[in-house]
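Once you've looked at the hints, dock chain B against the given chain A.
Number of protein chains: 2
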Amino acid sequence: MDARQYAWLPDPFPMWRGGMLHGARIAYETWGALNAARDNALLLFTGLSPPAHAASSPADPSDGWWQGMVGPGLAIDSERFFVICVNSLGSCFGSTGPASVDPATGQPYRLTFPDLSVEDIARAGFETVRSLGIERLDTVMGPSLGGMVVLAYAAQFPGAARRLVCISGTAAAAPFAIALRSIQREAITHDPDWQGGNYTSERAPVTGQRLARKLGTVTYRSAAEWAQRFGRQPIRQEMKRGDPFASEFAIQGYLEALAQRFVSAFDANCYLYISRSMDRFDLSAHGEPVSVFRRAGLSAALVIGVQSDLLFSVTEQQAIASMLTAAGVATRFTQLPCIEGHDAFLVDLDTFGREIGAFLRGG
Amino acid sequence: MDARQYAWLPDPFPMWRGGMLHGARIAYETWGALNAARDNALLLFTGLSPPAHAASSPADPSDGWWQGMVGPGLAIDSERFFVICVNSLGSCFGSTGPASVDPATGQPYRLTFPDLSVEDIARAGFETVRSLGIERLDTVMGPSLGGMVVLAYAAQFPGAARRLVCISGTAAAAPFAIALRSIQREAITHDPDWQGGNYTSERAPVTGQRLARKLGTVTYRSAAEWAQRFGRQPIRQEMKRGDPFASEFAIQGYLEALAQRFVSAFDANCYLYISRSMDRFDLSAHGEPVSVFRRAGLSAALVIGVQSDLLFSVTEQQAIASMLTAAGVATRFTQLPCIEGHDAFLVDLDTFGREIGAFLRGG
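Chains as they are written, first to last, in this note's numbering: chain A, 1 to 363; chain B, 1 to 363.
No wet-lab data here; the hints were simulated from the structure.
Incorrect hints may have been included.
You can't tell identical chains apart in this list, so a pair holds if it fits in one copy or across any two.
Heads up, simulated SDA-like pairs for lysine to any residue below, C-alpha to C-alpha not over 25 Å straight-line [to be verified]:
#1 240 x 257
#2 240 x 114
#3 240 x 347
#4 240 x 15
#5 240 x 297
#6 240 x 72
#7 240 x 294
#8 240 x 110
#9 240 x 359
#10 240 x 38
Keep in mind that this is a model prediction, so the values were computed, not measured.
Only chain A is shown next, with the shape it has when bound in the complex (with noise of 0.2 Å):
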């Protein structure tokens, strides 16, 4: 079963580096209905990876990325909002991305598709609200890349959404986050099977790949959750293999069974778009941060970060929240003590959903 619909983008759909798209789309699912007033839509953004399936719906009742959080009588309330999430551009979940076929070529774009910026992922979610027919969000939101994403809509769109949430997101990337992702798309590119990003699908990258979500796993959790967790437990006997230097601990296998998963799951080019346009956003490339909030005709926002966030750090978020505030937008800004670092808003539901759901009642 499958939620999704489709938005078509522009035609041509301009790229924010140069370049454009023709007959670019994007993929996306709701949850309750659109009022008469139309003002009751929430546009939520995803991080890196995840798909448009943030939740079960009737059409499509498996579990999503943010199951728990958005839908009836929930923190992001399905009963209240028209809740719209829409898979990034550049992804590989039904949007179009590096691995979508070039209609001028009939051949998978791959290295071909044009330089992807957090710009223009907010651009593709603007355009996908604007097909609906709603010209104001009541909110715009996103975790992680989405947090970025949310920035560049404010700063792209004054006036287009009336309230922000950005969770464990920041402003410009920091030196230790682009330092992670530029070793895990290294990983993939140097992966002989890659082959400059001409790979199979029999034949992929499979093994920078599984490498690069490992590192990713290590950088979205954090050693205090790690420790209790799986402590010193051997690696269950089953995962065992025969190999030199083989695992020998829980945690391995946790690390292996993740990256297989995503593995099957997602494009390597696309991860390398995306993960690239992560480390070159910075909001200051719209101006003064301050002064691109001010034309942003935000009311109200809420910044939340987590205190064992490696990836990005809670001064990160502190600083949006500071800027928003001097920028006079109402702005409640939460550091939160979560054990789970990066992807505590995935882990802690009632910690995050208390925040989420209060500052969305807020009015």
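Just chain B, lined up with the frame of chain A:
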């Protein structure tokens, strides 16, 4: 110029997890002079990759890995102490390791080298000290891997050292560190040029080694340091390459430069063996740690941790200090606010020198 001397290990040299070495040796360097009572020796173990050359000396005036810390009038004062620094067993800077020739075959050991444990590195240091006619060390000291080795030293050789200094070490590798190191090893073992360990010097697994070292460098530092030091500076023009997804930021150029230097110096199999020995280390294999420390015959200990250390969290050093204290050892525990992460002992020589110097002068 070369200041290395060599100690031949007892033949056979039994390895902690089984197997034995024949004709093995340890490369070491010394600073200062052994006094008539032979009771002023300080044995220094290294982190994962340094050689025995901790500091310059008349025989080798080049800078060492702890230049500014070891020498006349410095924190580790060679006018007072006879300082011995050993290249770890299993390494490749003069000590026997997987890259050495197996006398039984005339070929390099490679993966036929027996399993290496932190305990073996400690024993090899102990035998080096014995070969110099020293019964009891004034102090056994080590940072990082060396901070594990000193604990294995105390556990295996009761009475062999009067004092212990453990810097940014751990009594048992944490799952977060295991995860990061196992990704580094996997980058090497999945490089096709590794060839099951049978690479040639003309074609070593340099791609995997470069990735491993880059990831290592990230984990040895901190986000806060790099935000200050690199920010979002672009990469220097001369380091730009034309590859797809090539480096764009200064931090990426820095990682690449350090990785290149490492790859040309360090053997891949040696790296794999030593890295795995760190994952496997668990002091409790020697018995309940407080009892282990009670038997060790130490009169004083200094334990140093760094708040920004991602790889060996400060709570791990705190645990070591608590166990030493519970064992009746006069222990000073210092938690330093340095922002340089795990590598702070190599960078913030003022702060570390003050702590170490005060302890060593303490009598």
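Structure-based check of each hint:
1. 240 x 257: within (12 Å within a copy, 36 Å between copies)
2. 240 x 114: Classified as between: cross-chain Cα gap 20 Å, same-chain 43 Å, threshold 25 Å.
3. 240 x 347: neither (28 Å within a copy, 40 Å between copies)
4. 240 x 15: between (47 Å within a copy, 24 Å between copies)
5. 240 x 297: Cα proximity of residue 240 and residue 297: none, with 56 Å in one copy and 40 Å across.
6. 240 x 72: neither (43 Å within a copy, 52 Å between copies)
7. 240 x 294: neither (56 Å within a copy, 37 Å between copies)
8. 240 x 110: between (36 Å within a copy, 23 Å between copies)
9. 240 x 359: Intra 47 Å, inter 46 Å, cutoff 25 Å: neither.
10. 240 x 38: Result: close neither inside a copy nor across copies, 55 Å intra and 49 Å inter.
Checked against the numbered hints given earlier, the structure breaks hints 3, 5, 6, 7, 9 and 10 and satisfies all the rest.
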